[in-house]
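Participant: Sequence:
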Amino acid sequence: RSWESEKKRLEAKLDGITEIKGIDNSPIRSGRLHDSVADVAVEREQIERQIERGDRCAYIWAYVNKFLEPEEKGVLEVYFTGGNIGRKIDDFGREHGMCRSDIYALRRQTLDKIWELVKDKIEVDITINYKF
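Counting in the working numbering, the sequence shown runs from 27 upward without gaps.
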């Protein structure tokens with residue numbers, strides 16, 4: 027699914043969320059009160075964040091794509107679009123006259139190039155879990 031179709035789906039979902047969902051705030055089974063307005067606000071905020079992140083990723087990819095050579099775009103398709111990677115590597119190698127080790131090197135160079143292009147444009151959130 028493309029980002030544009032996913033974005034339309036999320037926007038439709040956002041438009042379909044009403045401010046009041048008809049919950050009367052009485053305790054039901056769980057014994058807790060529902061705050062429907064707060065629940066709706068949280069749901070809307072989550073969807074809006076998804077849309078913002080998707081738009082940001084699409085913007086960054088469009089920026090990166092301007093700087094990639096056709097061969098670099100091709101090697102990304104080999105590795106990151108699904109399917110039988112081994113067969114796709116062989117086909118790419120035949121098409122471009124490259125052996126597997128050269129294709130691996132091109133992939134690494136392409137990923138390094140992408141990182142250099144985006145490292146100042148994205149926030150990286152890293153969580154490290156230590157087990158002692």
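Incorrect hints may appear among the rest.
Per label pair, the in silico range of CB-to-CB distance [what the hints assert, rightly or not]: (1) Arg79 / Ala131: 39 to 47 Å; (2) Val63 / Leu94: 43 to 51 Å; (3) Ser28 / Pro96: 17 to 25 Å; (4) Val66 / Arg134: 44 to 52 Å; (5) Val63 / Pro96: 46 to 54 Å; (6) Pro96 / Leu40: 34 to 42 Å.
Note that these hints are calculated values from the structure, not bench results.
C-beta atoms are modelled at their ideal positions from N, C-alpha and C, and glycine is treated no differently.
Participant: Now, for every hint given, state plainly whether the structure supports it.
Facilitator: Each hint tested on the structure:
1. Arg79 / Ala131: 39 to 47 Å: violated, 32 Å
2. Val63 / Leu94: 43 to 51 Å: holds, 46 Å
3. Ser28 / Pro96: 17 to 25 Å: Cβ of Ser28 to Cβ of Pro96: about 21 Å, so the range 17 to 25 Å holds.
4. Val66 / Arg134: 44 to 52 Å: Holds, at about 46 Å.
5. Val63 / Pro96: 46 to 54 Å: With Cβ atoms ~52 Å apart, the hint holds.
6. Pro96 / Leu40: 34 to 42 Å: About 37 Å separates the Cβ atoms of Pro96 and Leu40, which means 34 to 42 Å holds.
Violation of the numbered hints given earlier is confined to hint 1; every other hint is satisfied by the structure.
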